[in-house]
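This is what each chain is made of:
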Amino acid sequence: MMSLATQGMVLFADAHPMVEKITHLHAEIVLFIATVVVMVLGLSHNAGMRRLCGGVSVVALIVAGVLGAMTPDMAHMPMPGMSGFLKVVIAAVGVLLVLLIEGTVDRAYENTVRKTGVFDGLRSTRGEFYAFMLFSLTGLMLTTGADDLIWLFLALELTSLPTYVMVSISTSRARGQEAGVKYFFLGAMGAAMFLYGFALLYGASGTTVLFAPAGEVSIASVFASNGLGAMGMLGLVMAIIGVSFKIAAVPMHFYTADVYEGAASSVSAFLAFVPKLAGFAALILLLSTVGWTHGELHDSLPDAVRIVLWVMAAMTMTVGNVLAILQKSVKRMLAYSSIAHSGYMLVGLIAGPGNGGLLAGNGLAAVLFYMLCYGFMNLGAFGVLASLERAGMGGESEEAETFADIRGLCATNPLLGWTMVLCALSLLGFPPLLGFFGKLFLFTSAISAGEILLVVVMGINSAIAAFYYLRLVIASFIDEPTAESRAFGVTAFGSRVAASAISAASVVVLVLAASWLMGKTGDAVAPSPTQQVDLTAVDGIHATIAPGGAEE
Amino acid sequence: MFESMPALLGAGSADVLPTTVGPGWLWLVPILALAGCVACGLCLAMRVRTKAPAWIVVGLLGIAFVLTFMGYSGWDSASAQVVKVFEWIGLSWGDSAGQSLSFNFGFYMDGLSWLWMLFVTGLGTLIALYASEYMQGDKGYARFFAGFALFVFSMACLVMADNLVLLYLGWEGVGLCSYLLIGYFYKKPSAVAAAKKAFIVNRIGDLGLALGLFLTFVTFGTVQYDELFALIDQGVAGDMARTPLSEMWQTWAIPLLLMVGAFGKSAQLPLYVWLPDAMEGPTPVSALIHAATMVTAGVYLVARFFPLFAFEGVPHYALWTVGWVGALTALFSSTIAMAQFDIKRIMAYSTISQLGYMFAGLGVLSTVGAASHVFTHAFFKALLFLACGAVMHGFAGQLDLRKLSGLWSVPGWRIVCVTMLIGCMNLAGVPLITAGYWSKDMIMAEAFVTPGGQIIGWILLLTAGLTAYYTFRVFFRVFVGPVSFEPGDEHHDDEHGHDNGHGGGGGFHPHAPGWAVNTVLAVLALSSFAAIGLYFTDKPNGGFVGNLVGDSTAGYVTPYGHHGADDGHDDAHAAAEGDVRFVLVADPPAHASGDATGGDHGADGTPDAAHASSGGLILGMDPHKAMYYISAVVGLIGILIAAVLHGPLGMGGLGLGTRTEAARSKADELLPALGPVARWAQHKWYVDEFYDFLLRTPLRVLSHVFHAIDKLLVDGLVNGLGLLPRAMGSALRPSQSGVLQGYAAGMAGGLVLLLVIVLIFM
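Sequence lines, in order, name chains W and C. Heads up: the first sequence at position 174 corresponds to 174 in this note's numbering, and the numbers run straight through without jumps. Heads up: the second sequence at position 462 corresponds to 462 in this note's numbering, and the numbers run straight through without jumps.
Heads up, none of these hints are tricks.
Short, incomplete list of chain W residues facing chain C, as computed with Cβ under 7 angstroms: (1) 189; (2) 237; (3) 251; (4) 254; (5) 258; (6) 303; (7) 307; (8) 323; (9) 325; (10) 326; (11) 464.
Chain W stretches covered by chain C per the calculated footprint, using a threshold of three residues with CB under 8 angstroms from any CB of chain C: (12) 178–188; (13) 224–235; (14) 310–319.
Keep in mind the hints are simulated off the structure, nothing from the lab. All residues carry an ideal CB built from backbone N, CA and C; glycine is no exception.
Start from the sequences, fold in the hints, and give me the full structure.
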């Protein structure tokens with residue numbers, strides 16, 4: 001009986017790829033369950049139960065992170081370890097985001113409930129808000145492990161759709177609604193573009209499977225054997241451009257500033273990380289179908305794709321940076337700078353895994369590493385804004401937004417002030433903070449890939465970025481506090497301050513582990529053994545990455 | 001001079017010890033100091049106003065000292081212990097040799113490291129204890145001890161490092177702490193200026209060290225000591241071809257660069273100018289950092305790399321320079337010390353002078369002499385500084401020897417006076433009973449037997465006389481004679497309520513030192529005697545220090561060690577006779593076996609060459625023997641002159657002195673006879689002014705010129721360029737109109753443009 005059952009399960013596991021797939025989805029399943037739980041908790045008549053939403057989310061993310069770390073490698077993927085690694089990153093940054101998001105919705109309504117004692121589930125948005133946030137994170141985790149076009153599309157949309165709602169309900173002001181609507185329409189347009197691209201990819205290859213075990217048909221295998229063809233190329237480029245909406249790259253960047261500005265700072269922080277990571281994961285997967293095996297040295301993307309990405313990268317950094325200079329609002333400035341950072345990371349995508357065998361030359365590892373750095377330093381900067389409040393019109397509190405609002409912050413609130421200074425310096429890439437190492441690896445990978453001109457563009461852009469990031473430093477550190485900036489006090493939600501401070505601390509402390517982290521990202525993008533057989537040109541990457549990739 | 005030095009030494013004669021794995025807990029030593037720094041930082045943050053920071057630091061450094069001592073006791077002297085804490089840097093950019101840079105955060109513990117660590121942690125503990133009282137009531141109490149502990153951490157990194165990069169980290173760390181602590185009274189402009197001066201002058205030296213480090217890496221392909229010294233031992237570079245070092249210019253260039261670093265840190269000519277000004281820092285800092293430990297880092301560096309400095313077969317430019325610069329520094333700064341009135345400054349110049357002795361010792365191939373002098377000097381100079389500090393503390397910052405007199409008869413000052421006397425005797429080299437005498441003479445004796453070193457020897461001998469004079473000038477003026485003192489102008493704003501009236505002088509009561517200061521002074525005074533005992537423990541090998549140095553990379557068998565060494569029994573014979581004669585290591589048994597080629601200097605006929613070139617005998621005696629008499633006499637003459645010129649009237653019934661008031665002495669009458677020389681010496685030979693003229697003024701002019709150019713051209717260009725992104729931004733701004741349709745059109749347009757690009761390139 002016993003043996004039969006075991007045998008049956010083994011057979012079952014062998015027979016059903018679905019079951020095998022589920023072994024990779026434990027983290028997502030946990031998050032999904034938590035989503036349902038918080039949705040119900042948020043509707044509870046008991047205020048204490050309602051407050052549990054945040055705690056449950058944090059616990060779920062921690063569990064998901066642990067499960068994510070234990071995710072078995074997906075052998076048929078081009079980078080079997082990427083999904084597991086990114087799930088841990090998502091969970092880690094996710095926990096900080098949950099801390100930061102505390103108190104974003106329902107503040108006025110909770111006060112009313114406290115006064116009147118009547119709770120109306122229809123008027124409360126707390127449950128939805130946390131549920132949507134977890135949905136989005138679930139979608140993000142699903143994106144990292146997508147091996148099918150349809151899966152990828154659904155996962156990307158699962159990441160994005162909840163954010164449209166989150167933007168709208170994050171503030172009660174009209175600007176939030178406007179931002180939400182804009183974001184939704186433009187997002188839909190972006191989705192239409194990449195969906196069209198996906199359709200063309202399907203048309204060119206006859207399958208929706210992106211990657212499959214050796215011997216089975218997949219888009220990657222079709223492209224490897226038959227080449228891209230006009231339709232495939234068009235499809236790929238359409239998909240890339242469409243997905244660029246998620247990372248806010250030129251020409252899909254228009255929405256960024258309006259949406260980030262309209263949303264509450266905590267949600268802006270969320271937007272700057274979650275969809276962006278989804279976009280980059282999707283881009284890495286899409287580009288892996290053609291692989292970095294073209295060009296003279298068999299180490300770059302097909303020319304047309306490379307040039308498209310090149311133009312996008314150069315334009316994205318430049319447009320982001322020059323527009324950031326002009327901003328008076330810190331939020332808009334951070335929004336434009338978030339565009340610029342996407343531009344930097346696109347450079348890593350162009351560089352690809354490299355074939356020099358050096359970890360420092362691995363652009364994909366550099367992208368993942370930069371994403372991790374960016375997650376912390378960006379969250380810290382937005383977190384400071386989210387932590388500063390003043391009583392606004394109509395009894396509603398207003399968050400800090402402009403440079404004038406944070407003048408002399410180091411004097412009035414040293415913790416937040418220094419958080420801002422550290423995060424701004426790190427965003428600028430000031431050594432020896434984390435952002436510096438992120439940028440350094442992107443630079444080295446681009447140099448290894450021979451993209452010297454792009455490196456020059458990136459260098460000039462970094463210099464431009466110094467201008468506006470230093471304004472943040474000057475405003476908070478050098479400028480004297482004014483009556484206007486003194487009007488801002490620390491928010492009642494201590495978890496926001498904690499999230500910002502932890503981010504700032506990470507920017508400093510993780511530097512010590514930079515080499516180890518970089519090694520981890522190197523492992524995450526190491527090609528699978530089966531791929532290595534196929535791609536003779538890049539053979540040896542795995543072997544050579546390991547020694548450089550820090551000692552484990 | 002040394003270029004012509006005959007190639008006497010087999011490649012193995014500078015010992016390279018085999019390495020073994022040392023105790024892993026050794027990392028606790030620096031970490032305890034670092035923990036002290038962190039704890040004090042916390043105290044600072046929490047505004048602790050008690051003495052807690054001092055007790056934390058004293059306790060932790062005490063434990064660090066005990067651990068160091070335990071580690072030393074457990075060290076088997078036949079090997080260098082290597083302790084790897086973690087791999088610090090591991091980079092590679094290719095597969096062939098020299099294409100990787102990897103080293104550990106780890107320690108290399110041989111005799112040299114142990115010697116330094118023992119006195120760094122030991123003196124660190126004692127001086128922290130002293131400072132607990134000295135710094136009492138100061139607002140920056142916690143800040144002071146944080147810097148102090150950080151210094152010990154950095155110094156431990158410097159000394160214990162098993163690679164040049166960690167040494168460099170420690171080197172910069174001690175420089176930083178020195179800067180922070182000199183500028184401790186940051187509201188005082190002179191302190192800030194002194195801190196900056198120290199930092200900037202040290203940069204020059206540090207540049208040399210950094211370049212030396214780079215060149216070492218380029219030449220040997222490693223910065224890790226065990227690998228480095230193994231390569232030097234084999235006499236080959238680290239490249240694939242294993243080029244012999246004797247054919248490479250780097251072999252003499254690296255020591256020259258390292259030497260520059262050593263000159264900066266150890267305040268030698270011409271980079272010594274920062275050290276006198278460094279006395280602006282609190283006295284415990286002067287004692288620990290600017291007398292006993294940090295400034296000897298240069299000596300440590302040269303001793304550590306002695307196998308390279310004395311590498312056979314290449315010109316010894318660096319060694320030659322080290323010897324001469326050391327000797328000249330010794331003489332030069334002692335002439336300045338003779339003419340100063342600030343007792344702390346005098347001690348500072350004497351430190352420079354004594355450091356000069358150490359470098360001269362290295363230059364004449366006596367690493368043992370140099371290290372011995374470092375060791376004894378650490379104790380007696382710390383003692384002297386702390387005694388001066390006690391005076392300064394008690395007399396409200398008064399340091400002018402014209403305004404202080406007769407402390408011997410002031411109640412509560414007896415311990416300070418006695419310990420000061422012991423310190424002065426050590427510095428002056430009073431024969432037989434002081435450690436300073438033995439260690440100084442080791443260097444001078446070696447100078448006279450090393451070919452070309454005689455002039456260095458004479459300079460050092462003259463300096464010994466001057467040293468004795470200026471040392472006892474201080475003692476006779478300040479500590480004995482008629483009681484008379486004027487308080488300084490530093491008011492204690494703390495609990496010393498009884499000091500409040502001291503502005504007018506009449507109502508001033510000196511604030512006698514408490515138990516912590518007295519205890520530390522007494523312990524240091526006793527230690528300086530104990531150092532003699534250590535010297536006699538194994539005299540033929542140079543004593544305790546000689547043994548330690550022999551078991552390190554600095555262990556060097558000088559071919560001129562004993563005159564007439566053709567007679568193999570000579571040293572044993574002399575030692576048996578109890579003759580007061582210095583015999584440098586011929587071949588300590590421990591090394592003889594591993595040292596087949598270098599073991600028989602006596603047989604290869606070269607000592608004859610040494611004999612021929614060493615200038616023969618002095619006063620019909622072997623220079624080693626003669627030196628002990630001569631230097632004793634010179635020292636005593638110096639003291640005698642000081643007694644005659646500055647001694648109080650009727651001193652000891654000898655009728656030597658004539659001084660009856662604090663401000664004047666017989667020396668003042670003689671000054672006019674010297675003409676302007678005395679004034680020049682008093683103005684430190686106008687070196688600072690000369691540097692101002694030679695370097696600062698031109699640099700200032702140049703900087704103004706550059707500033708103007710910068711303002712007009714560069715700023716103009718940059719501002720112009722800066723407008724470009726702004727202009728671009730303004731141009732792009734309309735695209736961010738906020739209109740949804742506009743955005744959608746933009747996205748669609750962008751898509752089309754990119755697709756066109758694809759179509760072109762596909």
